[in-house]
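**Student:** Here is how the chains run, residue by residue.
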Amino acid sequence: MDGEIFRLPRERLGALVERLARDYRVLGPVRRGDSVGWVDIRPDTVLALDYRTTMLPPRQFFAPQREVLFRFRRGADGSFGFEEPPSQEPLALLGVHGCDLTGLRVLRSFHESSCRDRVVPNRLDRAFILGLACWTPCLDESFCKDMGSLENESPAALYAWDLGDVLLLKVLTQRGREILEVLAPAAATAEELAQLRRRTRVRHETFPSHLRFAPEKLAAALEAAQDDILWEANAERCLSCGRCNLVCPTCTCFDVCDQATLDGSTGARLRTWTGCQVPGFSKIAGGHDFRPTRTQQLRYRIFRKGKYMPERYGMVGCTGCGRCIHHCPTDISIRDIFRQVGA
Amino acid sequence: MPQVSMIPHPCRVAAATAQSSRDVHYVVEVPARSFAPEPGQFVMISLPGIGEAPFSLTALPGEGAPPGHFELLIRRVGRLTNLLTRVRSGGVLYVRGPYGRRVDWEPFEGANLIMLAGGLGLAPLRAFVWRALARRREFRRIDVLVGARSPDELLFKGDLDTWSARTDDVHVRLTVDAAREGWTGRIGVTSSLLEGIKVDAHDTYAFLCGPPVMYRDCLRRLLAMGLYENHLWLTLERRMKCGIGLCGNCQLSGHYLCQEGPLLSYREVRHLREAV
Chain P
58 MDGEIFRLPR
68 ERLGALVERL
78 ARDYRVLGPV
88 RRGDSVGWVD
98 IRPDTVLALD
108 YRTTMLPPRQ
118 FFAPQREVLF
128 RFRRGADGSF
138 GFEEPPSQEP
148 LALLGVHGCD
158 LTGLRVLRSF
168 HESSCRDRVV
178 PNRLDRAFIL
188 GLACWTPCLD
198 ESFCKDMGSL
208 ENESPAALYA
218 WDLGDVLLLK
228 VLTQRGREIL
238 EVLAPAAATA
248 EELAQLRRRT
258 RVRHETFPSH
268 LRFAPEKLAA
278 ALEAAQDDIL
288 WEANAERCLS
298 CGRCNLVCPT
308 CTCFDVCDQA
318 TLDGSTGARL
328 RTWTGCQVPG
338 FSKIAGGHDF
348 RPTRTQQLRY
358 RIFRKGKYMP
368 ERYGMVGCTG
378 CGRCIHHCPT
388 DISIRDIFRQ
398 VGA
Chain W
5 MPQVSMIPHP
15 CRVAAATAQS
25 SRDVHYVVEV
35 PARSFAPEPG
45 QFVMISLPGI
55 GEAPFSLTAL
65 PGEGAPPGHF
75 ELLIRRVGRL
85 TNLLTRVRSG
95 GVLYVRGPYG
105 RRVDWEPFEG
115 ANLIMLAGGL
125 GLAPLRAFVW
135 RALARRREFR
145 RIDVLVGARS
155 PDELLFKGDL
165 DTWSARTDDV
175 HVRLTVDAAR
185 EGWTGRIGVT
195 SSLLEGIKVD
205 AHDTYAFLCG
215 PPVMYRDCLR
225 RLLAMGLYEN
235 HLWLTLERRM
245 KCGIGLCGNC
255 QLSGHYLCQE
265 GPLLSYREVR
275 HLREAV
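Chains as they are written, first to last, in my numbering: chain P, 58 to 400; chain W, 5 to 280.
None of these hints come from the bench; they were simulated from the model. Check each hint, because a few of them may be wrong.
Restraint-style ranges between C-beta atoms, simulated for each label pair [to be verified]:
| hint | chain 1 | residue 1 | chain 2 | residue 2 | range |
| --- | --- | --- | --- | --- | --- |
| 1 | W | 277 | P | 274 | 18 to 28 Å |
| 2 | W | 277 | P | 251 | 51 to 61 Å |
| 3 | P | 97 | W | 25 | 47 to 57 Å |
| 4 | P | 371 | W | 229 | 35 to 45 Å |
| 5 | W | 21 | P | 121 | 40 to 50 Å |
| 6 | W | 21 | P | 123 | 37 to 47 Å |
| 7 | P | 66 | W | 277 | 47 to 57 Å |
| 8 | W | 108 | P | 173 | 13 to 23 Å |
| 9 | W | 37 | P | 122 | 26 to 36 Å |
| 10 | W | 37 | P | 263 | 56 to 66 Å |
| 11 | W | 269 | P | 263 | 50 to 60 Å |
| 12 | W | 269 | P | 368 | 12 to 22 Å |
Here are some, though not all, of the chain W residues that point toward chain P, as calculated from beta-carbon distances under 8 Å [claimed, not checked]:
| hint | residue |
| --- | --- |
| 13 | 56 |
| 14 | 249 |
| 15 | 251 |
| 16 | 258 |
Glycine is no exception: its CB is placed at the ideal position from the N, C-alpha and C atoms.
Modelling step: build the complete structure from the supplied sequences, incorporating the hints.
**Tutor:** Next up, the structure:
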């Protein structure tokens with residue numbers, strides 16, 4: 058069954074959701090107004106499988122924007138008792154594009170190489186991911202083909218191509234096989250497979266190439282551009298708003314803060330997203346700031362994605378999703394920077 | 005591998021002494037679990053509901069601190085430290101750690117040691133001095149060079165007096181940036197204390213902790229004295245939020261200082277941007 062391609066009539070999607078709901082909290086892309094985001098779905102929920110990139114990447118579910126590390130309660134003797142929250146229920150995430158699949162791989166490689174913490178890798182281990190092929194670029198700013206994300210199918214358990222009335226599904230893991238078996242899908246027809254081949258070929262031609270070099274060359278290209286005027290040229294219009302950090306599928310930095318009731322008797326310690334572009338991120342004791350200028354901060358972000366992450370975790374930290382460019386209020390483009398330093 | 009808990013351990017404060025108008029020196033009982041820190045390591049100190057921050061260990065159990073105790077210096081600079089410094093003897097601080105790199109002291113055996121501290125940098129550096137004195141016979145000449153903005157801002161005056169009184173080739177020199185009448189000591193930046201110090205350049209290690217400008221001045225002088233780059237140890241303190249290589253706040257280029265530091269040799273960081 059592995060690698061084999063099955064057909065699932067579109068009206069059977071609900072049955073797949075129903076099967077997943079037995080073991081998972083199921084999330085899928087749903088249209089709300091003019092945007093699409095992953096929300097909890099039921100078998101009869103209308104999925105926006107033709108969606109363009111969501112604003113927030115799937116990491117929001119594995120390393121949430123705001124998460125309780127532990128709760129505390131002051132006892133009668135004045136001392137505090139602590140309690141960690143129960144572990145998150147397993148998630149099924151449907152319709153994840155190649156860029157975001159890559160983002161989940163980067164998330165895993167970061168957590169597994171950087172520290173001993175297993176919280177996020179455990180969540181990824183227990184999750185069920187349904188990958189979804191893109192037929193057209195999501196955003197003008199995306200460059201997923203250049204970053205090798207367009208055709209990435211890992212870590213999906215099942216990978217889907219939307220042919221309209223029917224979804225073609227490839228089984229990638231044992232778990233994917235188990236879930237699909239219940240639906241007893243038929244094999245894709247010869248005609249459907251031919252259509253898949255044709256559309257995949259056209260897709261490769263439809264997605265533009267922006268970079269004239271392989272992502273593996275980024276680290277060396279950035280190293281050579283350390284003192285480039287390019288950093289200043291971009292930083293001049295940076296507002297330090299930090300949107301690029303928040304929408305990035307591979308940003309992982311967080312702040313830790315406490316919240317308590319007014320009398321301080323109960324509360325929680327939380328981790329919340331922050332980022333290297335946010336003012337104060339690099340401030341240290343005595344009011345010193347070891348990365349005080351926007352030029353340094355911007356260069357740091359780009360270096361982290363293109364140099365530090367591949368050097369440390371073996372994967373480039375940019376998936377080419379284009380979110381940080383699309384959401385930047387002053388049009389700072391990591392794609393242009395990569396293009397310029399790599400030329 | 006296990007999940008890393010962020011839950012702190014309650015530790016009783018054995019003594020809390022004002023060091024200056026804004027610095028409090030704490031002697032704290034070690035947590036009820038294995039706790040064997042090395043100089044240069046740090047702990048996360050918190051009060052539930054208020055917040056958490058990293059603090060260098062200023063003395064280790066049995067080395068400057070009484071056995072079963074460690075010491076901290078907490079400066080009142082913001083909301084958290086305002087409340088932390090209200091904790092008195094008998095009170096409780098919540099502790100995680102120790103975190104950070106454990107540096108092997110064996111290479112330093114038989115060498116001269118130069119300990120350089122500027123301002124609040126004496127807090128972490130004090131643990132190095134007490135370690136060296138606890139193992140006095142393992143080292144040759146020890147220089148302790150301490151700078152502060154003014155005589156009032158000199159920290160750990162009791163220790164400085166104790167160390168100065170030693171006659172076993174331990175040399176303490178102090179300087180201040182500026183002083184009013186009455187100060188008979190030296191006036192000048194911390195690095196100026198290195199003037200006239202003659203040591204065997206092959207066999208001398210230096211440990212530095214202070215503000216960024218001090219690192220640059222002192223490194224210039226120490227390198228001019230002929231010391232090796234891998235003999236110069238810096239403590240690169242950052243505002244760690246997790247201590248376990250996860251939150252990213254302490255990143256220096258690709259390095260997480262909460263794990264690979266804060267103690268690093270100059271050779272390890274000389275090529276890195278934004279190190280010193």
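**Student:** Now tell me, hint by hint, if it's right for this structure.
**Tutor:** Results of checking the hints against the structure:
Taking the beta carbon of each, residue 277 of chain W and residue 274 of chain P are about 21 Å apart, inside 18 to 28 Å as hinted. Our hint of 51 to 61 Å for residue 277 of chain W and residue 251 of chain P holds, since their Cβ atoms are close to 53 Å apart. Judged by the Cβ atoms, the range 47 to 57 Å given for residue 97 of chain P and residue 25 of chain W holds: they are separated by roughly 55 Å. Against the hinted window of 35 to 45 Å, the Cβ-Cβ separation of residue 371 of chain P and residue 229 of chain W comes to about 41 Å, which satisfies the hint.
The hinted range of 40 to 50 Å is satisfied by residue 21 of chain W and residue 121 of chain P, whose Cβ atoms lie roughly 42 Å apart. Checked against the hint of 37 to 47 Å, the pair residue 21 of chain W and residue 123 of chain P passes, with Cβ atoms roughly 39 Å apart. Distance hint check for residue 66 of chain P and residue 277 of chain W: the Cβ-Cβ separation is about 56 Å, which falls inside the suggested range of 47 to 57 Å. In this structure the supplied range 13 to 23 Å holds for residue 108 of chain W paired with residue 173 of chain P, their Cβ-Cβ distance being about 21 Å.
Checking the proposed 26 to 36 Å range against residue 37 of chain W and residue 122 of chain P shows it holds: the Cβ atoms sit about 32 Å from each other. Judged by the Cβ atoms, the range 56 to 66 Å given for residue 37 of chain W and residue 263 of chain P holds: they are separated by roughly 59 Å. Distance hint check: the CB atoms of residue 269 of chain W and residue 263 of chain P are about 53 Å apart, consistent with the given range 50 to 60 Å. The supplied range of 12 to 22 Å is met by residue 269 of chain W and residue 368 of chain P, whose beta-carbon atoms lie about 20 Å from each other.
The restraint placing residue 56 of chain W at the interface with chain P holds, with a minimum CB-CB distance near 6 Å, inside the 8 Å limit. The interface hint given for residue 249 of chain W holds, since its Cβ lies 4 Å from the closest Cβ of chain P, which is under the 8 Å cut-off. Against a cut-off of 8 Å between C-beta atoms, the interface hint on residue 251 of chain W holds, since the closest Cβ of chain P lies about 5 Å away. The beta carbon of residue 258 of chain W comes within 3 Å of a beta carbon in chain P, closer than 8 Å, and the hint placing it at the interface holds.
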